[in-house]
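Protein chains in written order, with full-length UniProt numbering: chain P, 1 to 356; chain V, 1 to 356.
One or more of the hints may lead you astray.
Remember, identical chains collapse to one label, so a pair may be satisfied in a single copy or spanning two.
As the list claims (entries may be wrong) - In silico lysine-lysine, DSSO-like type, Cα no more than 30 Å apart, as pairs:
| # | residue 1 | residue 2 |
| --- | --- | --- |
| 1 | 103 | 211 |
| 2 | 211 | 104 |
| 3 | 104 | 224 |
| 4 | 224 | 320 |
| 5 | 103 | 224 |
| 6 | 104 | 286 |
| 7 | 355 | 57 |
The hints are simulated quantities; they were obtained by calculation from the structure and are not laboratory data. Since the structure is predicted, the reported quantities are computational estimates derived from the model, not experimental observations.
2 protein chains.
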Amino acid sequence: MKLHNFNSGPSVLPQTVMEQASQAILDFNGTGLSILEIGHRTTHFQAVLDEAIASVKQLMDLGDDHDVLFLHGGATTQFMQVPMNLLDDQATAAYHINGIWGKKAATEAALFGKVTIVADSADRQNTYIQKEFSIPEAASYLHITSNNTVEGTQWHQFPETSVPLVADMSSDIFCRPANYNRFAFIYAGAQKNMGAAGVNMVVVRKDVLGKVNRRIPTIMDYQKHIAAGSLMNTPPVFAVYVSMLTLRWIIQEGGLPEMEKRNQAKANLLYQTIDSLPLFTPTVAKEDRSLMNAVFFLNDPALEPVFLDECKKEGMIGVKGYRTVGGIRVSMYNALDQSSVEAICSLMQDFARRKG
Amino acid sequence: MKLHNFNSGPSVLPQTVMEQASQAILDFNGTGLSILEIGHRTTHFQAVLDEAIASVKQLMDLGDDHDVLFLHGGATTQFMQVPMNLLDDQATAAYHINGIWGKKAATEAALFGKVTIVADSADRQNTYIQKEFSIPEAASYLHITSNNTVEGTQWHQFPETSVPLVADMSSDIFCRPANYNRFAFIYAGAQKNMGAAGVNMVVVRKDVLGKVNRRIPTIMDYQKHIAAGSLMNTPPVFAVYVSMLTLRWIIQEGGLPEMEKRNQAKANLLYQTIDSLPLFTPTVAKEDRSLMNAVFFLNDPALEPVFLDECKKEGMIGVKGYRTVGGIRVSMYNALDQSSVEAICSLMQDFARRKG
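Work the whole structure out from these sequences, hints included.
In structure tokens:
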């Protein structure tokens, strides 16, 4: 049976990436060595890292002011590493919260300096993104979460700010073109649109660094990582390699414009299906619906386990909503084929006919 | 040509681990999904994590006082995470330094509290391990590096201490049996004896935690990782899986007694060869020679590039000494076959006949 992987992350990756990664574990580029046993200070790995960094710069059209790093850990590490590097003890950071991850990011920032919550969509169960808010003029930065994996909302137009703009893009990185040069800092765990779990990508505009007074542990210091060319210590070699392969795939497929086109086609089909079937209820404000994670409910809660069971029988993986939200969540990352969305939409229509 | 992988890390892994890891990327345990695209909160991954943790406990014969964690990052992360969790601002930690890594660990600790260097073998170019030293009675812990990857020394009898004993075992973890319950804290990057780069293993005796006053960022807090069963955030799934496979291999091969037997046989052969050939000079004190990393020199520095070139032609990888030390370094981790050591010893004998 063909499986449809709607996992929210770790999640579906392109088949060609899997095949190349599998092969590289047996023999990496004809070296006779596995990618798992090559040194990280070899020309072999340097070529992998160089291509990964160059691919990010190309896809995001980044200028020379921005550096790209591949670091250990996931976004949760960045929740503390960002304020450790950017927020002084007595300074203030602005956090715009639309869900669980933004809230966690703000909590970690409060360990390092002052935090002003400029918006919090908890007042409507995080089903929308607040567009009206004001940022303290002296704020060291504004932090946003570009896509809310759990709640199914996404920023479709990034806010204009005079203060440096920082974004957690873990769950929608590389899903669409945008003016990424506007951001002072972008971070993303790899395990959704960029590769396998175990590596973090960071894009940083160098001028925001070096301004805090605290002493930063070496492994947490972005400036030292930049100086070391992302090779301060042994990096997560294989995870960087899988990211490089995934980035290469995105470029070969047509880059971010093509990803956006596909993602919009998939999301349109799914949201239209939800909207057309009274059995299903979308909860997210239409204008804030995520291209990546669609969250919706069955009107009759008793039908939810029945629907989940049918999904399972049809080989549809990962459609149960997050534990704090409930309902259904369909994640449609870059590598998810249109045919998988068609499959679940068919099932929804059929289910509605039978149960509606 | 058969390659002999003497890399210092990332380094050689068992062939069966490579084959299983390669296969799991295409289809993990018959799930139809790749190990790279399964959720970390599935029963599939929980079984991997459970086996990895249970294998560590079995191999080290750990009692219930000790917990095992698999965390993001490498030992360099632990250099700061250990003092962040164990060393209060006004308290003192004792560091026993025998080389580059121990020195780096002490430098990071100084960001968090007071550091007393109880021994430093820099006085003899880190070619030995000081056994005579005294530890401040009030020290929060004594930190040692069990094996010095760069310098080629190893503790063969761990020090008796009244204060908690903390060890960086990155480069000799699981190389031999010992009373590991004596340690309050052990950490090791995976990429030598335990798996692929991108994951850290931590063994912690719970009673040493929770004693510092500072507020610890969530992702750095060992107590929170213990409470979350090593699943606080998305772990480096594939790297944990490779560690699990490697630990399974160690157990199947006969556990730590068998690893020690093999490691001693390999090291004995290599050191006997070095000692028997006047062309080569060992630098490390005999009693402190490492089972894992043998460092030695050619008497005539002009012959060094010639020897390295011959190694290369014979498919011997990773034998150039570390940049700050120079000379030759032969790393002989658990997964390195005796035949590889025999091959380089043959070459050394042949080289000595021709050039001696």
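Each hint tested on the structure:
Proximity of residue 103 and residue 211 under a CA criterion of 30 Å is satisfied in both settings, with 25 Å inside one chain copy and 27 Å between copies. Both within a single protomer and between protomers do residue 211 and residue 104 lie at most 30 Å apart by alpha-carbon distance, with minima of 24 Å and 24 Å respectively. Proximity of residue 104 to residue 224 under the C-alpha cut-off of 30 Å is found in both arrangements, the shortest distances being 26 Å within a copy and 14 Å between copies. Proximity of residue 224 and residue 320 under a CA criterion of 30 Å is satisfied inter-copy only: 26 Å between copies versus 41 Å inside one chain copy.
In this assembly of identical chains, the alpha carbons of residue 103 and residue 224 lie at most 30 Å apart whether taken from the same copy (28 Å) or from different copies (18 Å). When the C-alpha separation of residue 104 and residue 286 is checked against a cutoff of 30 Å, the pair qualifies only within one copy, where the shortest distance is 25 Å, while the shortest distance between copies is 53 Å. In this assembly of identical chains, residue 355 and residue 57 lie within 30 Å of each other by CA distance neither inside one copy nor across copies; the values are 49 Å within and 51 Å between.
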